[in-house]
Amino acid sequence: MSAFAAVLKRDLVLALRRKNEVITSVFFFVVVAALFPLGIGPEMNTLRLVGPGILWVGALLASMLSLGRMFAADHADGSLEQMALSPHSLSVLVAAKILAHWILSGLPLVLLAPVIGLQFDLSANALWILTLSLLLGTPVLSLIGAVGAALTLGVRGGDVLLTLLVLPLYVPALVFGAGAVQAEISGLGASAHLSILSAMVLVAAVFSPWASAAALRVALES
Amino acid sequence: MSAFAAVLKRDLVLALRRKNEVITSVFFFVVVAALFPLGIGPEMNTLRLVGPGILWVGALLASMLSLGRMFAADHADGSLEQMALSPHSLSVLVAAKILAHWILSGLPLVLLAPVIGLQFDLSANALWILTLSLLLGTPVLSLIGAVGAALTLGVRGGDVLLTLLVLPLYVPALVFGAGAVQAEISGLGASAHLSILSAMVLVAAVFSPWASAAALRVALES
Amino acid sequence: MIRKLFYFSSPQNFYPLAGKLWPLFACLATVLTVWGLWLGMFVAPTDVQQGEGYRIIYVHVPVSWMSMVIYLAMAFWALLGLTFNTRLSGMLTCALAPTGAIFAFLSLWTGALWGKPMWGTWWVWDARLTSELILFFLYLGFIALTSAIDDARRADKAGAILALVGALNVPVIYFSVKWWNTLHQGASVSLTKGSSMQQTMLEAMLIMAVAFWMYAIAMTLYRVRSIILIRERHSQWVADLPEVKALSLEARA
Amino acid sequence: MIWSSFSDFWSMGGYGLYVWGSFGVTALLMAAEAFWTRRGRQNALSHVLAELRATDANGKDWR
Amino acid sequence: MLTASNLSLSRGDRRLFSGVSFTLESGQWLHLEGDNGVGKTSLLRLLCGLISLEEGEIRWKGQSTLKAPDVFRTDLAYLGHQLALKQDLSPLENLRADAAVSGRELSVKDAMAALAQMGLRSREHLPVRVLSQGQQRRTALSRLIVSTAALWILDEPFVALDAAAQNALAGVINAHLSRQGMVLLTSHQDLSLAGSGRRYKLTA
Amino acid sequence: MLTASNLSLSRGDRRLFSGVSFTLESGQWLHLEGDNGVGKTSLLRLLCGLISLEEGEIRWKGQSTLKAPDVFRTDLAYLGHQLALKQDLSPLENLRADAAVSGRELSVKDAMAALAQMGLRSREHLPVRVLSQGQQRRTALSRLIVSTAALWILDEPFVALDAAAQNALAGVINAHLSRQGMVLLTSHQDLSLAGSGRRYKLTA
Ligand code: HEM
Ligand SMILES: Nc1ncnc2c1ncn2[C@@H]1O[C@H](COP(=O)(O)OP(=O)(O)OP(=O)(O)O)[C@@H](O)[C@H]1O
Ligand SMILES: Nc1ncnc2c1ncn2[C@@H]1O[C@H](COP(=O)(O)OP(=O)(O)OP(=O)(O)O)[C@@H](O)[C@H]1O
Ligand SMILES: [Mg+2]
Ligand SMILES: [Mg+2]
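Listed in order, the protein sequences are those of chains P, X, A, E, G and F. Mapping of the first sequence onto our numbering: residues 1134 to 1355, in sequence order. Mapping of the second sequence onto our numbering: residues 1134 to 1355, in sequence order. Mapping of the third sequence onto our numbering: residues 16 to 268, in sequence order. Mapping of the fourth sequence onto our numbering: residues 45 to 107, in sequence order. Mapping of the fifth sequence onto our numbering: residues 1479 to 1682, in sequence order. Mapping of the sixth sequence onto our numbering: residues 1479 to 1682, in sequence order.
Derived by calculation from the structure, the hints in this document are not laboratory data. All figures in this text were calculated on a predicted structure; none of them were measured in a lab. What you were told as hints is all true, and nothing was included just to trick you.
Here are the simulated DSS-like pairs of lysine-lysine, each with C-alpha atoms no more than 27 angstroms apart in a straight line:
(1) A/193 to A/131
(2) A/19 to A/35
(3) F/1539 to F/1679
(4) F/1587 to P/1142
(5) X/1142 to G/1587
(6) A/35 to A/260
Put together the whole structure using the sequences plus the hints.
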């Protein structure tokens, strides 16, 4: 088994063992979607209007909240040291961790979005574009987030810093993601939005593992 | 110095030392409030409609996210054991921790809400009621949350569980809190909502420390 | 009488009692279901406004009622367990939860299936619907919490605290959501059509409700027997049970 | 008897999908619950048996 | 006087120990021995009341600790594997905060003296986070010096200490014993403590 | 062969050590001694490359470890204060996952044998979380048994182990030395290891 596969498998097994990793973000997403109507009021017209935005912000927050944990446990129990001391390239191992993060926190949202969208009375077409935009957008969130998580690892006040670093970088994904759905609803077509999202995934996938690995080496030096 | 004051002071000093505790929840609140307009679109009419709901949900999430940390650090480093072994009633010490949590995660939101509310074009009156409702509502969140945090301490998958347990219990606070502002906006007057919120604070303040202490003793037994 | 209660509050004595009682309740449930369904599906007339669609009421209402009753029962046992520290209470609380959760889910499901033809939508944020959703979350929370804790006694105590806190909250939740809805002039739907319900329909619905009640009791008794077995597996009386003896002989052979 | 034919009964005046969807899932879940509970009991019995065997063998060999 | 009678404990499916009984008189120590995983830590936590008692009884000054937990806790100082130190506070702050939480006021002077006695001079103001393993344990141990409890329950207190610190700790324990205190501890090393006392070998 | 020449390190405002030089040949051990907080742990982390070098040079098989870190890391096994165990995995799973992450396949049989050698028989499938302190350390140490590295750097490996486990560990280290392996370790106890080797007393 390659080291990449080994790290991926270990992270997934651990998450399944603790269960929470998988469910946390999904559950957070569901909850956010259920709470807003309670805060805003039950009128379906309003809800339909704000639905895509709420769902995308929910996905973004869900992904961001699990970022802190991406490297923290490995750092605390010494596994990260061992990974840094392993003869394999740290970037490859980190890429595996990022993939695991997406599988655990991004993919479930993609699968769930169409169901939750029903609560906001979205049309079938809009639901489809919502799912597609999340499928392209959530990997971007994980990739960008990994760099932030690595940079703030073990830093005092890391949580806030992480948000502060990552959030501005998330905004384009949010704007194009939620924008795609709204464009679809208003009949403009979402393809432009979606192709920009795809380009963002590709660029992030190239740079993020490398940058995260470099940041992790710095974090270990304390 | 009484034990209550000592615990309160220690928690506050620690938070100031690490800084993030205070800022995290405030920052989260600001972020949620800032992201929604980006996701929903800039129409002021929609925003004014959903403003109170979004702000209240933001406050609720901000409070909920810091719950996990309420007892976790003390549990991990053994301080909780020492508190349970102290001759003082654990409920009193827990009450101090709850108060500290509110000061760090609730109070800042109360102070900030009027500023953030401006983003959603709320009237001065509505802002005032928003602040008041948060002042009464956020302690309820901390009090109810403490029970959930204590119950899920050290439990497999604690994070999600915490959300799962606490969120349904938060609903009344959210409904009356956001409802107060909306009632004010629609000219119905918010006093009924606010008095119900006050009643909720009182009841929660009586039961929560006691229930949390009981749950903590159970958690230490593993 | 009191002495009898004390006698049966020990798992060892409750186990055979539950074993005798559950078939009784299961039979009652079956008979009443058949009767209720007969009345409801073959005797009761078509509804003037809703056509045949109204017949969902024969599962929807019993299931909704029971989902609330079961939560109250859980809270009752939890309180008993916390105050008198009886082991059986914790086991009963745990045994009730799955049935309650299933009923809460069914309430949502049948309600949604009813809502589509009647209101044209699967879901509205109506007070009753919303509080049922929250009740479902409460059930899930209880089950998740108790099953995430390995140690049975710890799980019982934690579950009892949660059940009590939840029960205190249920009325507040219902009331709050109701208020919320009136503020927003409701989702412009009403669940009941008032008292215009026909006599046969009402009878059938009540019979179904009793049937589901019996079903819940039978399930709980059956389940609590399994829980008792697992918790008490170290003790001698379990080893002496005829069913255990038979099984271990079989295994040895 | 209010139904004129079986297919009449089946279609429930056009609400067949909804009515049978509710009744079906209810029946299904109850059957599943009965099944799970039953399996729970078998599971419990096998636990008890394992326990008996362990105490019979009195194995405390971990050191 | 601490009396334990007929304690037993199970964890998971395993019975860790049963029928454990002993008495500890004023001025005496008890050194709990046993292999890794035999249940020493669990026994100590049981005695403190952190694990709830299933069988047997624990009496402190003749009263059951279940009935009068507050009396017992006032007289108890427990140090476990976890040091209960706040990583962001300095040793000095940690020591004073702990005292305050248990309701006593500890002057800076006394706290500094205790830390100096455990060899932490000039480290009093660093955050605990940057201290070495041994220094962190010393910080936790200096709590004993300022403690007013009669019964000390210490789980492997000598671990990770250098020779000087081990001597200092032995001195602290001996002083406590000579003040008619009681000490119940575990250790995988051989100990030479003053006063009367004995070893208790825990077995499954 | 590991050669350190003229290493020095500062932490905060404090110079921990300077001018540290030594050589470690195949089949030799080096026992690093020193008081709590003198900088042993820091030195080991420096050697591993976890702290970046400010002064001096570290060479492995004649090459600077800075220039060829991969070669060095392939030959290195480090065990620190932190055990790098996942609390939710069992000892068996932990051991196999670690091997897989460093790119080797470890059969269940070999892993079980290693755990048995460290006295963890019948604990292989419990989550590490419920194990005792000593059992957790044994789990981490059994990693050495299945390791293929030539250089072992161990930070206080004997802590919290009972007598039997200390013997088992000494046996494992001796076997490694007799295979021409190298061991660099810290400990506050006196050690008797086979093969040639020496103590190095670190001072400020
Ligand atoms: C997801 C959707 C729904 C949920 C969660 C739901 C939930 C509930 C609950 C909790 C009750 C018992 C509460 C009480 O008796 O006060 C109830 C009763 C009832 N529901 Fe629903 N319901 C849903 C949809 C519907 C629909 C669409 C209809 C009919 C158009 C309906 C008709 C009724 C009736 C007639 C009762 C009995 C009323 C009474 O006893 O006063 N429900 N439902
Ligand atoms: N859920 C469980 N299932 C099985 N065994 C368990 C469980 N929880 C704890 N144990 C066992 O209970 C024992 C706990 O021992 P404890 O920590 O008290 O040991 P100890 O004597 O302090 O050991 P050490 O010297 O290593 O500190 C361990 O052997 C552990 O494997
Ligand atoms: N930021 C800092 N400011 C001042 N001193 C520091 C700082 N960071 C670390 N130190 C000191 O550096 C030393 C780190 O020592 P290290 O952990 O290497 O000790 P050690 O020899 O392993 O001790 P032990 O035997 O206790 O494990 C400690 O004395 C600590 O006080
Ligand atoms: Mg121990
Ligand atoms: Mg060290």
